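Peer 1: For reference, the chains in residue letters:
There are 2 protein chains.
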Amino acid sequence: MRFRQIFRLIGILNFFLGLSMLAPLIVSIIYSDGSFFSLLYSFIITSGSGIVLFFLIKRGDYTSLSQREGMAIVTLSWLSAGFFGSLPFLFSGSIPNITNAYFESISGFTTTGASIISNIESLPKGILLWRSLTQWMGGMGIIVLSIAILPFLGVGGMQLYKAEIPSPIVDKLQPRISETAKTLWKVYLFITLLEIGLLFLGRMPLFDSICHAFCTMPTGGFSTQNGSIAQFNSAYFEGVITVFMILAGINFSLHFKFLKGAFRVFDRDPECRVFISILVILIILVTFNIYGPIYHSLSHAFRHAAFQVTSIITTTGFVTSNYANWPALSQIILLLCMFIGAMAGSTGGAIKIMRIILLAKHGYREIFRLVHPHAVRPIKLGGKPVPEEVLNSIWGFFILYLTLFIVAVIIMSSIGLDIITSFASVAATIGNIGPGFGLVGPVNNYLPVPDLGKWVLIFCMILGRLEIYTVIIMLAPAYWRK
Amino acid sequence: MRFRQIFRLIGILNFFLGLSMLAPLIVSIIYSDGSFFSLLYSFIITSGSGIVLFFLIKRGDYTSLSQREGMAIVTLSWLSAGFFGSLPFLFSGSIPNITNAYFESISGFTTTGASIISNIESLPKGILLWRSLTQWMGGMGIIVLSIAILPFLGVGGMQLYKAEIPSPIVDKLQPRISETAKTLWKVYLFITLLEIGLLFLGRMPLFDSICHAFCTMPTGGFSTQNGSIAQFNSAYFEGVITVFMILAGINFSLHFKFLKGAFRVFDRDPECRVFISILVILIILVTFNIYGPIYHSLSHAFRHAAFQVTSIITTTGFVTSNYANWPALSQIILLLCMFIGAMAGSTGGAIKIMRIILLAKHGYREIFRLVHPHAVRPIKLGGKPVPEEVLNSIWGFFILYLTLFIVAVIIMSSIGLDIITSFASVAATIGNIGPGFGLVGPVNNYLPVPDLGKWVLIFCMILGRLEIYTVIIMLAPAYWRK
Numbered sequence: 001m002r003f004r005q006i007f008r009l010i011g012i013l014n015f016f017l018g019l020s021m022l023a024p025l026i027v028s029i030i031y032s033d034g035s036f037f038s039l040l041y042s043f044i045i046t047s048g049s050g051i052v053l054f055f056l057i058k059r060g061d062y063t064s065l066s067q068r069e070g071m072a073i074v075t076l077s078w079l080s081a082g083f084f085g086s087l088p089f090l091f092s093g094s095i096p097n098i099t100n101a102y103f104e105s106i107s108g109f110t111t112t113g114a115s116i117i118s119n120i121e122s123l124p125k126g127i128l129l130w131r132s133l134t135q136w137m138g139g140m141g142i143i144v145l146s147i148a149i150l151p152f153l154g155v156g157g158m159q160l161y162k163a164e165i166p167s168p169i170v171d172k173l174q175p176r177i178s179e180t181a182k183t184l185w186k187v188y189l190f191i192t193l194l195e196i197g198l199l200f201l202g203r204m205p206l207f208d209s210i211c212h213a214f215c216t217m218p219t220g221g222f223s224t225q226n227g228s229i230a231q232f233n234s235a236y237f238e239g240v241i242t243v244f245m246i247l248a249g250i251n252f253s254l255h256f257k258f259l260k261g262a263f264r265v266f267d268r269d270p271e272c273r274v275f276i277s278i279l280v281i282l283i284i285l286v287t288f289n290i291y292g293p294i295y296h297s298l299s300h301a302f303r304h305a306a307f308q309v310t311s312i313i314t315t316t317g318f319v320t321s322n323y324a325n326w327p328a329l330s331q332i333i334l335l336l337c338m339f340i341g342a343m344a345g346s347t348g349g350a351i352k353i354m355r356i357i358l359l360a361k362h363g364y365r366e367i368f369r370l371v372h373p374h375a376v377r378p379i380k381l382g383g384k385p386v387p388e389e390v391l392n393s394i395w396g397f398f399i400l401y402l403t404l405f406i407v408a409v410i411i412m413s414s415i416g417l418d419i420i421t422s423f424a425s426v427a428a429t430i431g432n433i434g435p436g437f438g439l440v441g442p443v444n445n446y447l448p449v450p451d452l453g454k455w456v457l458i459f460c461m462i463l464g465r466l467e468i469y470t471v472i473i474m475l476a477p478a479y480w481r482k
Numbered sequence: 001m002r003f004r005q006i007f008r009l010i011g012i013l014n015f016f017l018g019l020s021m022l023a024p025l026i027v028s029i030i031y032s033d034g035s036f037f038s039l040l041y042s043f044i045i046t047s048g049s050g051i052v053l054f055f056l057i058k059r060g061d062y063t064s065l066s067q068r069e070g071m072a073i074v075t076l077s078w079l080s081a082g083f084f085g086s087l088p089f090l091f092s093g094s095i096p097n098i099t100n101a102y103f104e105s106i107s108g109f110t111t112t113g114a115s116i117i118s119n120i121e122s123l124p125k126g127i128l129l130w131r132s133l134t135q136w137m138g139g140m141g142i143i144v145l146s147i148a149i150l151p152f153l154g155v156g157g158m159q160l161y162k163a164e165i166p167s168p169i170v171d172k173l174q175p176r177i178s179e180t181a182k183t184l185w186k187v188y189l190f191i192t193l194l195e196i197g198l199l200f201l202g203r204m205p206l207f208d209s210i211c212h213a214f215c216t217m218p219t220g221g222f223s224t225q226n227g228s229i230a231q232f233n234s235a236y237f238e239g240v241i242t243v244f245m246i247l248a249g250i251n252f253s254l255h256f257k258f259l260k261g262a263f264r265v266f267d268r269d270p271e272c273r274v275f276i277s278i279l280v281i282l283i284i285l286v287t288f289n290i291y292g293p294i295y296h297s298l299s300h301a302f303r304h305a306a307f308q309v310t311s312i313i314t315t316t317g318f319v320t321s322n323y324a325n326w327p328a329l330s331q332i333i334l335l336l337c338m339f340i341g342a343m344a345g346s347t348g349g350a351i352k353i354m355r356i357i358l359l360a361k362h363g364y365r366e367i368f369r370l371v372h373p374h375a376v377r378p379i380k381l382g383g384k385p386v387p388e389e390v391l392n393s394i395w396g397f398f399i400l401y402l403t404l405f406i407v408a409v410i411i412m413s414s415i416g417l418d419i420i421t422s423f424a425s426v427a428a429t430i431g432n433i434g435p436g437f438g439l440v441g442p443v444n445n446y447l448p449v450p451d452l453g454k455w456v457l458i459f460c461m462i463l464g465r466l467e468i469y470t471v472i473i474m475l476a477p478a479y480w481r482k
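From first to last, the protein sequence lines stand for chains V and E.
With the first letter of the first sequence counted as 1, position 361 gets the number 361 in my numbering; the numbers rise by one all the way through.
With the first letter of the second sequence counted as 1, position 288 gets the number 288 in my numbering; the numbers rise by one all the way through.
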């Protein structure tokens, strides 16, 4: 492990992370919101630390970074971004406590959207923009990670996406990643601008349009309003955001192909078809479940069912209705959505549709095998056989996800949280959703969780976001042996 | 599929099932409890139907029953036993409703122990004995099923136990099964008699000693008392029953070897070591969690922690304390136990330790593989490599278990049950435990569950008991195609 090279790369990252603080800095000047100096100091420290790391460490050979080093870079990048990203919160006094500030920052960069801020509207505009920006940048990181890096690290079955887009070959982090990244970021930026435009056209203030679009595309879920999207009480905003949450839940390489002219690409992708089908079925179930007991008009029931199911399954976490008061069936469906997640290669978290499809196919194959013991029946996705090693990788991912989920729930319950809160807080953070049930429900926030619990949830957010393996592998003795 | 041969075998089963009703019949005479005629009619109908089926259908070739026919026999045996077993409840008026009577009877034969009877002590002694006897006979069925039949049907990784005991070769149901069965039943009978003796020595009435031993060994959990084991308030009874629940949770082929003189067999078996370790760790955790808030003496906390953890993880379901009032950590541990279960080849249900071990090893292997992509590292159990097809079979089992669990929970919640009750009722029936949480908690019963819900839970009990595949395979189109 060449730590010097790793830290040099983290230095480059820090430099750009610091630069990104100039955007909220400008906003703080425009609004004279009093957050200028806190953002300035954060910029100086973050970019400064990047420059120091970059120039102190001699340039090495980047083209031959190993798989293990790749994983270390990915994990350390998010940990470091979380740390430096918390500085504006701390310096401005918006979040005076280190645990809380790190929680909010990691929740941003992992695009989770779990918040510890009770009165969001009282924050300076500069800090509010920074909070949204952490999610938007986290989303950029995730797209590159899930489409251009993880497939080559062989993590959790993501290998299936190797051929999707021009990408570097085998398990080396090569310069071509930056080409892939640039292409994908253009798509990401384009859809974000589209959403800002549509929200602004519907008369959402420009600042809020930007912040909400910044938190939709990464399936983040931070809002500038205390009452999240519910506060606008606008069917138009909800409709626009629902559509863009679905777009954000789709593999970005499909968007890339679509923009290149392959208009039937969504329809032809097997994962996308299943994603949309699940979405439609669950929205219908929830609509009829809440029509009557919660909403007295079918259109209202549909509007909120569509928004909340989409928000949770894409792991965004925006709220238009206090779904913790919905009937048990709807709550269980939303809880289930927290585990399903959106498509692989999207900005969404959790287990993801592609893995769910392959697990289901595996289950059915075993039934088939018992009936026809001698038949060979490879599992296929979109007509192509899936290698057994990819399936093994997905099973490993699934069992690790469940195991870490259970361990975290046990810890949360042992520090005194009730069963529902223990379950939901872990499900909502390891799946990068944000709001859960119980104490951390849609109209509450994570402030009352004890500090130890917050650190457990921080760990869950990072674990979930980096597809478990990338983090957990660093805890395996085999990783550190030469 | 040769249905005639299948029904002829069911006829033989019915004949003996009817004969077994003579035991409660004799008890009803001794106690003059008024259940004589209801048991007599049940005996005549059950054995009579067996004789009719047996003589009406011509003898066929039993030595060449196919795998598919084997599964049909197993599933139909349990469905049929449930039906005829419910007759004494119906005829005596103890349970006048057909759904409830079938629920209680299936709960007995699947050794679940979920009850719909509110005032158990008001039942005639003959009916009480029959209720316990359904569990004891269900347990006999399970031992033969899990050690002598399922391994040869290739179900859910049970193939691993193929070599454990003299057994028929490959997937044919041959006469040697009856030899294996007799050997195992001797062990089962011996341990049952030992428990009856020890309970009776502690001055439990003979009738209650017999009934409780009949419900301990199959990890059933029906009691003759409204308050289950708590009603005796005796540390001695609890201690004896705890030990015998552990014995019942161990693979019966180990008991067989132990009685043959292999005294270190428990210690040497990898699954048994993990089972005991999990048990010890969870008992310690629960003891310290309930010491203080629930019990003010450490010995009391230990006594109830040991009993309840053992009762739930072995899927027995006896109760000495209202664990639904315990702190969240203990409740979550008990909920987890409902999924873990005891050893394969025991009378316990749920996922089972052997599968949990292999799933965990698979998860760790994937971490190892990411670090050493080119290393070949077969998964081993007790030093022997486990074939990949067995692992595939276990993964299939696991995903089907989870899927059916989720589907059943969705149905339960859609008929109006709350989240906790929906979760716990399905977990406690598909895992063959009995009592759950919420409406179906340790001091409640299943009577308030709507009829549709009861049928869903009946399906869950059979699914769980017959290792999912045996039942679900009959719903696959491939099963019925020639």
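Hints in this document: simulated from the structure, not taken from any laboratory.
Treat the hints loosely; a few may be bogus.
[As the list claims (entries may be wrong)] Partial list, computed: chain V residues near chain E (C-beta under 10 Å):
1. Leu19
2. Ala23
3. Thr75
4. Leu76
5. Ser77
6. Leu79
7. Phe190
8. Arg303
9. Ile332
10. Ile410
11. Met412
12. Ser413
13. Asp418
14. Ile420
15. Thr470
16. Ile472
[To be verified] In silico DSBU-like cross-links for lysine-lysine, where the CA-CA straight-line distance does not exceed 35 Å:
17. E/Lys384 with E/Lys361
18. E/Lys380 with E/Lys260
19. E/Lys257 with E/Lys182
20. V/Lys361 with E/Lys260
21. V/Lys380 with V/Lys186
22. E/Lys58 with V/Lys361
23. E/Lys58 with E/Lys182
24. V/Lys380 with E/Lys384
25. V/Lys380 with E/Lys182
26. V/Lys384 with E/Lys361
27. V/Lys384 with E/Lys380
28. E/Lys58 with E/Lys125
29. E/Lys260 with E/Lys384
30. V/Lys380 with E/Lys260
31. V/Lys182 with V/Lys125
32. V/Lys58 with V/Lys260
33. V/Lys125 with V/Lys58
34. E/Lys257 with E/Lys58
35. V/Lys361 with E/Lys182
36. V/Lys384 with E/Lys260
In this text, all values refer to a predicted model and were calculated from it rather than measured experimentally.
Note that beta-carbon positions come from the ideal geometry of N, C-alpha and C, so glycine has one too.
Peer 1: Now tell me if each hint is right for this structure.
Peer 2: Comparing the hints with the structure gives:
| no. | hint | result |
| --- | --- | --- |
| 1 | Leu19 | violated, 33 Å |
| 2 | Ala23 | violated, 37 Å |
| 3 | Thr75 | violated, 13 Å |
| 4 | Leu76 | violated, 17 Å |
| 5 | Ser77 | violated, 18 Å |
| 6 | Leu79 | violated, 19 Å |
| 7 | Phe190 | violated, 34 Å |
| 8 | Arg303 | violated, 21 Å |
| 9 | Ile332 | holds, 5 Å |
| 10 | Ile410 | holds, 6 Å |
| 11 | Met412 | holds, 8 Å |
| 12 | Ser413 | holds, 4 Å |
| 13 | Asp418 | holds, 5 Å |
| 14 | Ile420 | holds, 8 Å |
| 15 | Thr470 | holds, 9 Å |
| 16 | Ile472 | holds, 6 Å |
| 17 | E/Lys384 with E/Lys361 | holds, 13 Å |
| 18 | E/Lys380 with E/Lys260 | holds, 27 Å |
| 19 | E/Lys257 with E/Lys182 | holds, 15 Å |
| 20 | V/Lys361 with E/Lys260 | violated, 44 Å |
| 21 | V/Lys380 with V/Lys186 | holds, 32 Å |
| 22 | E/Lys58 with V/Lys361 | violated, 41 Å |
| 23 | E/Lys58 with E/Lys182 | holds, 26 Å |
| 24 | V/Lys380 with E/Lys384 | holds, 31 Å |
| 25 | V/Lys380 with E/Lys182 | violated, 45 Å |
| 26 | V/Lys384 with E/Lys361 | holds, 29 Å |
| 27 | V/Lys384 with E/Lys380 | holds, 31 Å |
| 28 | E/Lys58 with E/Lys125 | violated, 39 Å |
| 29 | E/Lys260 with E/Lys384 | holds, 24 Å |
| 30 | V/Lys380 with E/Lys260 | violated, 50 Å |
| 31 | V/Lys182 with V/Lys125 | holds, 29 Å |
| 32 | V/Lys58 with V/Lys260 | violated, 41 Å |
| 33 | V/Lys125 with V/Lys58 | violated, 39 Å |
| 34 | E/Lys257 with E/Lys58 | violated, 40 Å |
| 35 | V/Lys361 with E/Lys182 | violated, 40 Å |
| 36 | V/Lys384 with E/Lys260 | violated, 54 Å |
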